[in-house]
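Asks: Protein sequence lines, in the order shown, are assigned to chains A and B. To convert, note that position 24 of the first sequence is 24 in the numbering used here; the numbers rise steadily by one, no gaps. To convert, note that position 86 of the second sequence is 1086 in the numbering used here; the numbers rise steadily by one, no gaps.
In case anyone wonders, no lab produced these hints; they're calculated from the structure. Keep in mind that a hint or two might mislead.
In silico lysine-lysine, DSSO-like type, Cα no more than 30 angstroms apart, as pairs [claimed, not checked]:
hint: 1; chain 1: B; residue 1: Lys1011; chain 2: A; residue 2: Lys100
hint: 2; chain 1: A; residue 1: Lys54; chain 2: A; residue 2: Lys68
hint: 3; chain 1: A; residue 1: Lys95; chain 2: A; residue 2: Lys54
hint: 4; chain 1: B; residue 1: Lys1057; chain 2: B; residue 2: Lys1011
hint: 5; chain 1: B; residue 1: Lys1095; chain 2: A; residue 2: Lys68
hint: 6; chain 1: B; residue 1: Lys1095; chain 2: A; residue 2: Lys55
hint: 7; chain 1: A; residue 1: Lys68; chain 2: A; residue 2: Lys53
hint: 8; chain 1: B; residue 1: Lys1095; chain 2: B; residue 2: Lys1057
hint: 9; chain 1: A; residue 1: Lys95; chain 2: B; residue 2: Lys1011
hint: 10; chain 1: A; residue 1: Lys95; chain 2: A; residue 2: Lys55
hint: 11; chain 1: A; residue 1: Lys54; chain 2: B; residue 2: Lys1057
hint: 12; chain 1: A; residue 1: Lys68; chain 2: A; residue 2: Lys95
hint: 13; chain 1: B; residue 1: Lys1011; chain 2: A; residue 2: Lys68
hint: 14; chain 1: A; residue 1: Lys100; chain 2: B; residue 2: Lys1057
hint: 15; chain 1: A; residue 1: Lys100; chain 2: B; residue 2: Lys1095
hint: 16; chain 1: A; residue 1: Lys53; chain 2: B; residue 2: Lys1095
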Amino acid sequence: KNEVEQSPQNLTAQEGEFITINCSYSVGISALHWLQQHPGGGIVSLFMLSSGKKKHGRLIATINIQEKHSSLHITASHPRDSAVYICAVRARDDKIIFGKGTRLHILP
Amino acid sequence: DAEITQSPRHKITETGRQVTLACHQTWNHNNMFWYRQDLGHGLRLIHYSYGVQDTNKGEVSDGYSVSRSNTEDLPLTLESAASSQTSVYFCASSKTSGIWSGELFFGEGSRLTVL
């Protein structure tokens, strides 16, 4: 079993829809990262959080430490949001463990 | 602006050749990491370093080596390239303390093809 599991693996939605991507992990962590990777592109850090909730524009990330679960929400989704979203956790020894990513496709 | 750069961005080589991928960061970060990204596997850790002269093996380190002679650079060397090492390689760095500690910064990736 992977230490970081994301769901869904693939998601197609219409422009304007509210999007939720989930991440569950099984190890003790000091922080959780949400990353974005556009096709053929580099990887950009969206959020780093260790508790509660963070918001940046139309993106919201939440984490529940007790349940070892995090969600990334996108409000009013747009075709430019189409990308792979990756959840990564920072373990206690500072190693980063990555999920396999969620491929999001927003249709115009 | 501070940044992290990888070179080359694309490389084609032959089986058995030695290849070195460069990673250079100007944030003065202590932590540096090398990952490979393959379909169905996500990002997997090859080697990492927590500071000058410190290097550690990750989960897929066989066939790779790194050295850390200064803070800015962590070159990744494939001693004898194999077709199984065809992949996209990402370098990343992070700070260990203070404001923004833990924030991850990635290079743009190096696509390596081993024929």
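Asks: Between the alpha carbons of A/Lys100 and B/Lys1057, is the straight-line distance 30 angstroms or under?
Replies: holds, 21 angstroms
Asks: Take a quick look at whether A/Lys68 and A/Lys95 sit within 30 angstroms of each other, Cα to Cα.
Replies: holds, 17 angstroms
Asks: B/Lys1095 and A/Lys68 were given as a pair; does the straight-line alpha-carbon distance stay at or below 30 angstroms?
Replies: With a Cα-Cα distance of about 24 angstroms, the restraint between B/Lys1095 and A/Lys68 holds, given a limit of 30 angstroms.
Asks: Within 30 angstroms, alpha carbon to alpha carbon, are B/Lys1095 and B/Lys1057?
Replies: Roughly 19 angstroms separates the two Cα atoms, so the pair holds.
Asks: Does A/Lys68 sit within 30 angstroms of B/Lys1011, going by the straight-line distance between their CA atoms?
Replies: Outside the cut-off at roughly 40 angstroms; violated.
Asks: Within a Cα-Cα threshold of 30 angstroms, do A/Lys53 and B/Lys1095 meet the stated pairing?
Replies: holds, 22 angstroms
Asks: Between A/Lys95 and A/Lys54, does the CA-CA distance stay at or below 30 angstroms?
Replies: holds, 23 angstroms
Asks: Given the hinted pair A/Lys95 and B/Lys1011, is their Cα-Cα distance within 30 angstroms?
Replies: holds, 28 angstroms
Asks: Check the hint pairing A/Lys54 with B/Lys1057 against an upper bound of 30 angstroms on the C-alpha distance.
Replies: Violated. A/Lys54 to B/Lys1057 sits at ~33 angstroms, over the 30 angstroms cutoff.
Asks: Is A/Lys95 close enough to A/Lys55, meaning Cα to Cα at most 30 angstroms?
Replies: Holds, because 25 angstroms separates the two Cα atoms, which is no more than 30 angstroms.
Asks: Holds or violated: B/Lys1011 with A/Lys100, Cα cutoff 30 angstroms?
Replies: Holds - the C-alpha atoms of A/Lys100 and B/Lys1011 are around 25 angstroms apart, at most 30 angstroms.
Asks: Taking only the CA atoms, is the gap from A/Lys68 to A/Lys53 under or equal to 30 angstroms?
Replies: holds, 14 angstroms
Comparing the model with each numbered hint stated earlier shows that hints 11, 13 do not hold.
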